[in-house]
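Novice: So the protein lines, in turn, are chains A and B.
Heads up, the first sequence is in the numbering used here, so the first residue is 1 and it goes up one at a time.
Heads up, the second sequence is in the numbering used here, so the first residue is 1 and it goes up one at a time.
No wet-lab data here; the hints were simulated from the structure.
Straight-line C-alpha distance at most 25 Å; calculated SDA-like pairs for lysine to any residue: (1) B/Lys102 - B/Arg62; (2) A/Lys99 - B/Ser71; (3) A/Lys99 - B/Arg36; (4) A/Lys52 - A/Gln65; (5) A/Lys99 - B/Lys69; (6) A/Lys38 - A/Tyr10.
Simulated DEER-style distance windows between Cβ atoms: (7) B/Lys26 - A/Ser98: 21 to 29 Å; (8) A/Pro8 - B/Thr112: 27 to 35 Å; (9) A/Asn7 - B/Glu15: 32 to 40 Å; (10) B/Ala81 - A/Met3: 19 to 27 Å; (11) B/Lys26 - A/Pro8: 31 to 39 Å; (12) B/Asn38 - A/Ala58: 29 to 37 Å; (13) B/Pro8 - A/Pro61: 29 to 37 Å; (14) B/Val44 - A/Asn7: 14 to 22 Å; (15) B/Gly59 - A/Ile5: 22 to 30 Å; (16) A/Phe75 - B/Ala10: 30 to 38 Å.
All residues carry an ideal CB built from backbone N, CA and C; glycine is no exception.
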Amino acid sequence: DAMVIQNPRYQVTQFGKPVTLSCSQTLNHNVMYWYQQKSSQAPKLLFHYYDKDFNNEADTPDNFQSRRPNTSFCFLDIRSPGLGDAAMYLCATSRPGSKNIQYFGAGTRLSVL
Amino acid sequence: SQQGEEDPQALSIQEGENATMNCSYKTSINNLQWYRQNSGRGLVHLILIRSNEREKHSGRLRVTLDTSKKSSSLLITASRAADTASYFCATGEDAGGTSYGKLTFGQGTILTVHP
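Next comes chain A alone, as it looks inside the complex (with noise of 0.2 Å):
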C-alpha cells in the first residue's frame, strides 16, 4: 500500500547532540510538511517543501532544518536540541490539486535527556 513511513517510531538523543528524523513516501507527492506536536497540542507546521521548493515556517527556530533529496525522502535535522525539542514529529504529503488533503506518518517521538 502507498504510504508514508516516519523512521525511527522513537528516538532518544542528549541534549545538544545532533539527530536526523525520516520520513519516505510511496505516494508521489509533490509537497512534504514537517510538524512538530507536543502532549495535547495541536501540530504545528514547521516547514514544507514543493518539490524542491523549501518553505520555512516564519516561527522555525533555526536549530531545525530540513532537506529533501528526491520526492520519495524527506528528513528532518536538529543541530542541537534542547529539552524543549522533546515532541512528536510528524511528517505528511499532499498532491497539489487535491484540496491538500494531507497524509501522515505514525510520527517519531523525540525524547532529549
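Following the hints, complete the assembly by docking chain B onto the known chain A.
Specialist: Relative to chain A, chain B alone:
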C-alpha cells in the same frame, strides 16, 4: 494566533451515544477538514467540507460549516469504543488561486467512548 479553536477540549460518552465537536476559525478559508489521531500515532483524514458547502456526510460522520459564524461541527453518531481518539479540525488557507496551501490545526478534542 491560533486559527482553529475547538470545544470541548475533552468529551466522555458511552458507546451508542452521539458525539459532537465544534471548531471555530478566524480567517477566510478554502475548505475545512477533520482529522483523527489515535494515541501516539499520526493523523488520519476523515472528511473535507468546502467553503461553499453547508453540510456533508460520510458514514457515521456529519460535518456542518457556517462560514458566516466561522464555525464547523463534527457529529459522530452511534459512537463505538474504537472511536476513542483525538479529533482535530484543520482549515485550508485561501491560497489565492494556487493549487495547494497549508493547513492550520485546531487544538483538538479528546473523545473517550466507554464500552
